[in-house]
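Following the hints, complete the assembly by docking chains B and C onto the known chain A.
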Amino acid sequence: MRHPGINLGEHHGEAHDQAETLVFGFWVFLMSDLIIFGLMFAIYVTMANPVGMAGGPGPKDVFDLTSVFIQTMILLTSSLTFGIASLAMRHEQGRGRIALWLGVTLALGLGFLGFEARDFANMIGMGAGPSRSGFLSAFWGLVPLHGLHVSAGCIWIVVMLIQMRTFGMIPIVKTRLLRLGLFWHFLDLIWVGIFTIVFLAGISA
Amino acid sequence: MGYNKAKQFSVLLLTAVILAGCSEQRSSFLDPAGPIAAAQRAHLIEVVGWTMIAVVPVFILVPVMLWRYRYRNTKARYTPDWGYSGWLELVMWGVPFMIVAVLSTKLWFSTKALDPYKPIASDAAPLNVQVVGLDWKWLFIYPDLGIATVNQLAFPAGAPVSLNLTSDTVMQSFMVDALAGQVYAMPGMRTKLHLLADAAGVFKGENVQFSGVGFTEQKFDAVAMTPEAFSEWVARVKSDGVPLDAQTYELLGASSTGAQVYEAIGTNGMPAGVIYFNQVAPDLFKKVIGRYHGGEPVLPANQPGAAGYVWQPLFNGSSK
Amino acid sequence: MTSDHTTTWLFGRLDLSSLPIWQAIQSPAISELIAGAAAMIVIAGAIAVIAFITWLRAWRSLWTDWLTSTDHKRIGIMYCVLALVMMTRGVIEAVLMRAQQADGLSGGFLTPEHFAELFSTHGTIMIFFVAMPLVAGVINYIMPLQIGARDMSFPVMNQISLGLTATGAVLVMSSLVFGKFSTGSWAAYPPYTGLAFNPGPGPDYWIWSVAIAGIGTTLSGINFAVTIYKERAPGMTLFRMPLFCWTVLCTSIIMIFAMPPLTVATLMLAADRYLDFHFFTNDLGGNMMNYVNLFWLFGHPEVYLLVLPAYGIISEVVATFSGKRLYGYTSLVYATMAIAVLSFCVWLHHFFTMGQSANVNIAFGIASMCIAVPTGVKVYDWMATMYRGRIRMTVPMIYVTGFFILFVIGGLTGVILANPTITYQVHNTLFLVAHFHNVIIPGVVFGLLAGIHYWFPKAFGFRLHEGWGRVSALLWIFGFSFAFLPLYVVGLMGMPRRSANFNDPAFEPLMLAALFGAALVLSALAALVIQIWVSVRDRDKLAAPLGDPWNGRTLEWATPSPPPHYNFAVLPQVKDRDDFAAAKANGRAFADTANYGDITMPKNTALGMIICAAATLLGMALVWYIWWLAMLSVLTIVVAFVARTFMLDTTYTIPADEISREHRAWLARVRAASPITRDRETDDVNQGLAVLELPETLKASR
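Protein chains in written order, with this note's numbering: chain A, 140 to 344; chain B, 24 to 343; chain C, 1242 to 1943.
Extracted from the complex, chain A is given alone in its bound form:
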């Protein structure tokens, strides 16, 4: 049974074979993580109502759609740049090129986190912290959880940049980059859910 998704290609030899199990295992992990996000979404949906808001601020009062739109664009672009890095690895276009596009992805990831942190600070400033209501608890449980994942992804990119430099493009580095790629695109997918269910639905309701 071949694992689903992009593998490196037969010409990568050992790394291609190892990826069979490693990438499949990572897919399974992501499925489990997806359940966590799915449940957080479900909780958020049950709490996005007047009872859950408990007289506190609602979506329209606290969400800055312009900022969220910018974050969305940054994150989607970062998925594109990671994709370019993956293709560079698949076609063995050299370590420098891969590192360059990973660097761009990292910068975009950090940019996303910067905008997100600014929004969070603003919300705290206007008294919309998690302590205010069940609705805001659900928001603060879901969106920063995604942010935490992105932060972990950024650290992972840094570690991979160091490992590419120290070890070169050895099989284990390649399979790790494959898994990191899955992780990064997965976070994009979650963000699309957050953008739709939390922000767009919240503003339009």
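In case anyone wonders, no lab produced these hints; they're calculated from the structure.
Everything numeric in this text was worked out from a predicted model, so none of it was measured.
Just to be clear, a hint being listed does not mean it is correct.
Stated by the list, open to error - List of simulated lysine to any residue pairs, SDA-like, C-alpha gap at most 25 Å:
(1) B:Lys-215 with A:Val-190
(2) C:Lys-1844 with A:Arg-318
(3) B:Lys-215 with B:Pro-149
(4) A:Lys-199 with B:Gly-318
(5) A:Lys-199 with C:Asp-1517
Claimed, not checked - Which chain A residues stay away from chain C? Per the calculated CB distances, all over 10 Å, these:
(6) Phe-208
(7) His-230
(8) Leu-249
Stated by the list, open to error - Computed far set for chain B versus chain C, every beta-carbon distance over 12 Å:
(9) Ser-145
(10) Pro-149
(11) Gly-169
(12) Ala-180
(13) Thr-192
(14) Ala-201
(15) Thr-214
(16) Gln-302
(17) Lys-310
All C-beta atoms in this analysis are idealised placements derived from N, C-alpha and C, irrespective of residue type, glycine included.
Same frame as chain A, but now just chains B and C:
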């Protein structure tokens, strides 16, 4: 009619077990005192009966197989590679499936018919009672009569009782076994239960959801009375009761048993462990639910049952 | 900074009054004395273990052979040891509770709070730190052998899973010495477990022990599933796998999808308690019903997570000891999958009484009842497996017989409880307690004990003592019956669960019967310990090193006992379902080969232990509000992970000639040994080589 015989026998047997304990307070749905509990018991017996079709063969066949095909019995046939039979598959899947199909139908109708939210059809007018679960006592408010009690739920026999429930502390589960079973009572929320007693009697009522160290003391008598006796009882509550005002409600909110509250504010006119209230703020039940929806935090100091609870007025001024 | 501040900074809210021993000295009542004694036993036990290991001079061996091992077999054994230690505590607590309730008419000898702690730790321990590790342990040991793999797909992650499970267990044990455990039961419903109602460390102990162990279980699930999908030996198609492996596959899928709800529920409860969130609070829009849904979204599949591997074990045991192919293999596979899927569709039946509409209750009630169909099919399939077999009543078969008779009662009461109508009456009563013990003890525990007796000779090279095994098995069966069948009746009579006392004298005789049953179960556990001790003492007499003491049918019996680190000298070429039985029948078994190759195996690593230690400190730090330690522990975990990724030299190679030498030595012993017939399999002559017994030979002998 072997089935009916078996049914009658099992009813008798179960009732005998229950009555062995024999106290005047009836405390189990196997000894039902109203139509709901009686239907629940009947449903239990039916389910057990149908399931026996699948269960009894196991009890019989396991010992038979173990004996007949024991290693030393070299006379028995031995077919080590036999592992499939279409007919047997059909029976093994088919019989349980049919039983579950029958039971599912029964479940459907019974659940609809005995929905605790469904008012009980009756010629008599229903009695409305609002139930507030507190640490570790029950407060019963009779909104139409302007009275309330702690740990005694009196009502006329033969008339349906419509209960609205909430809790002013942690989650609890209100149960009167001999009449209707249980439903959760949760803070900030309202649940419903309907019950009816066929005849006068005393029934055990209690909280069955663990709620702290006084949990086992959270019991009360549900008393079905003749209409005349009930009128007398209402009059007695009105004459012997104390007002349910801010101070007394605060007191009820503290973690304590009914007996402890009785010590504090009970009078000789009340049965031991029971409090009668002759005046109740009109919207008390609504206020108890509403306190959690005010948009303000309910600090432990104001939260009945909480570790840091200090008595605070729930509503301003005494009700007059 | 004053010294007071320094103490708070250093030790958080931990002080002298948090120690039960101190409290026992301050106010020596029975309840406090029991708590103090329990704390002393934990401390004395820890000291005794340390002294014993030192006396054996076994520290180095413990570290290199066990704690840092990535071998799935060693990890499996460690899981089982952990589970048996925790089971001892759980059973003692059970006996205490039974004693309290037997004396419940006069109030009992424990304070209500102590009783509440007992049922909370008992439930938490028995589910998370006995049943789960026992299941994980048996799976770890057996599944790779059965599919012909050398190890798990992710051996280091496997070690981390064990470490995180151990962390949870250590946290629960620590609550005996430092502070008190939760009184909120194993389900820990808020708002009772919220900060307002329970500000002490108890619920925090529950949260962190369960959350950390839960993450370990999720990782285990991923590992098991990937191993089954990716590591099967050549020719081992999915439908040639032993049934146990099918149940493991379904269990691991449940682990992957059902543990996240628990993680989410516990972390949300933690957010409420630590960060003033309002997920489940009474006020400000919190909703406790969300917790109840999340918890049972985990809790119900959890039951099947535990019982499916037990079904798998029973399938193996019944087939082997009936000397027969498993009846209805395909049926059993589909029944297992049906149960796994249905297990996610029934969680609401744990709270039919929460006020939802009748239609919702009907849907979930019918779904719950549907599980009875595949479960019933399984029981009938096992009976058909015994039909026209040649059954030996060994210890595993005694457990399986107990399972058949008693588990069916549990199934019956399960069908009863699937009816909302009846649940309105028996929910939260001892009827419910009797029901789930009836599925967990005869189902899960008997299944696992059967498995342990069945596979013990595989793991250690000698059989468990048969006589003590029988004593223990019968004590378990009768102990269970006396302890729990009366509780059904008391439950129908209306006694609420979790009651420290009661005032209906009708309960009293049944409660005394239940106490007698609990005493029998305690004796069963004692007999089990004696059995293990006697077996270790007589291990030379009980030795069965050739690997096949029960005339087994599946691949794990085709290796020496205990198997070498790499499991199989040459990966088996699987040609059949029940491949080893087929190989023995047509003479393929024990064949020598020229194809020995080098084998690459994972090296030992300390990562699992480092994470276990750091996670334990993290848990303690969070329970006691020692923030500096919490941050330090998190940092340690992250650094340890990242550092590990910089290590490239993680495997070592065993040369082919070493493997061929070992393997040929074993084959030579097999050829020299005399095979035995099944009537002598519990005698000392059983070296682990079986005579082929076919209907033809049977006729000839007649």
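Going through the hints against the structure:
Between B:Lys-215 and A:Val-190 the CA atoms are separated by roughly 20 Å; this keeps the pair inside 25 Å, and the hint holds. For the given pair, C:Lys-1844 sits about 23 Å from A:Arg-318 by alpha-carbon distance, which is consistent with the 25 Å threshold. For the hint pairing B:Lys-215 with B:Pro-149, the CA-to-CA distance comes to about 14 Å; that is within 25 Å, so the pair holds. Distance hint between A:Lys-199 and B:Gly-318 is fulfilled; the C-alpha atoms sit about 18 Å from each other, no more than 25 Å.
Only pairs whose Cα atoms come within 25 Å are accepted, and A:Lys-199 paired with C:Asp-1517 is accepted, the gap being roughly 23 Å. A cut-off of 10 Å between C-beta atoms confirms that A:Phe-208 is not in contact with chain C; the least separation is 28 Å. Against chain C, the non-interface label of A:His-230 holds: every CB pair exceeds 10 Å, the least being about 25 Å. Chain C leaves A:Leu-249 outside its interface by the beta-carbon criterion, the shortest separation being 18 Å against a cut-off of 10 Å.
In this structure B:Ser-145 is separated from chain C by more than 12 Å, as the shortest Cβ-Cβ distance comes to about 19 Å. With a least CB separation of 19 Å from chain C, B:Pro-149 remains clear of the 12 Å interface cut-off, as annotated. For B:Gly-169, the condition that its CB be more than 12 Å from all CB atoms of chain C holds, with the nearest at approximately 27 Å. With a least CB separation of 20 Å from chain C, B:Ala-180 remains clear of the 12 Å interface cut-off, as annotated.
A beta-carbon of chain C is positioned within 12 Å of the beta-carbon of B:Thr-192; the least distance is around 8 Å. For B:Ala-201, the non-interface assignment is contradicted: its Cβ lies about 8 Å from the closest Cβ of chain C, within the 12 Å cut-off. With a minimum CB-CB distance of about 4 Å to chain C, B:Thr-214 fails to clear the 12 Å threshold, and the non-interface call is violated. Distance check for B:Gln-302 against chain C: the nearest CB is about 27 Å away, which clears 12 Å, and the non-interface claim stands.
With a minimum CB-CB distance of about 14 Å to chain C, B:Lys-310 clears the 12 Å threshold, and the non-interface call stands.
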